[in-house]
Amino acid sequence: MSQGEQFRIGRTTFRLVADAAKAATDDEASRTIGDYVVDRLLGSGGMGSVYLATHQPSGRNVALKVLGPEQSANPDMVRRFRSEAKAASKLSHSNIVGVYEAATIDGVSFIAQEFVDGIDIAKAVAQRGALSIKRGLDVVRQVSRALQHAHEQGIVHRDIKPSNLLVTREGIVKI
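Numbering (this note's numbering), first residue to last: 8 to 182.
Treat the hints with care, as some may be off.
Said to hold, decoys possible - Pairs of lysine to any residue, SDA-like flavour, derived with a Cα cap of 20 Å:
no., residue 1, residue 2
1, K130, V150
2, K168, G50
3, K168, M54
4, K168, A95
5, K93, V163
6, K141, T175
Stated by the list, open to error - Distance windows between CB atoms, simulated:
no., residue 1, residue 2, range
7, D113, I167, 32 to 40 Å
8, N171, N68, 17 to 25 Å
9, D46, R148, 15 to 23 Å
Calculated directly from the structure, the hints in this document are not laboratory data. The structure presented is a predicted model; accordingly, all values stated were derived computationally and were not measured. Think of the CB as a built atom: it goes at the ideal place given N, C-alpha and C, for glycine as much as any other residue.
Let the hints inform the model, and build the full structure from the sequences given.
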């Protein structure tokens, strides 16, 4: 293998470089998507990965949902991703994660969303046990309000599950 040549192990792409300082600079550049600097991975799923990122012009933290390389090669997945972004951007509700921007830059499709500093219901239950009846009813009430708002806009979520219900530190549930 020669300098500049790339190879993959699993999902990670490696590139051979002669200068470690240059490699570090290149790594930082690869951690930038448009106006967003990626800080760390928050999670990944069927369509790609979600990163904590900083929007450079505003300094705002966002959850940057990035379509994975394999999914980007699939026109149906790209269509679904764009459709999700378009639908979500129509919604403005305190129990729905806000969408700031959706775009494709340098072949990378992403959705910049409100960063929810909290925990999802699945993790909360795994860590602390079942919700109390009172808390469970409160979660259902908040999710119902969000789904009602989406329904009024002609949108169906189709993936309501505990891991997709985020709870802020203040106890607000967001889908």
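Each hint tested on the structure:
no.: 1; hint: K130 to V150; verdict: holds (17 Å)
no.: 2; hint: K168 to G50; verdict: holds (16 Å)
no.: 3; hint: K168 to M54; verdict: holds (16 Å)
no.: 4; hint: K168 to A95; verdict: holds (17 Å)
no.: 5; hint: K93 to V163; verdict: holds (13 Å)
no.: 6; hint: K141 to T175; verdict: holds (17 Å)
no.: 7; hint: D113 to I167: 32 to 40 Å; verdict: holds (33 Å)
no.: 8; hint: N171 to N68: 17 to 25 Å; verdict: holds (20 Å)
no.: 9; hint: D46 to R148: 15 to 23 Å; verdict: violated (33 Å)
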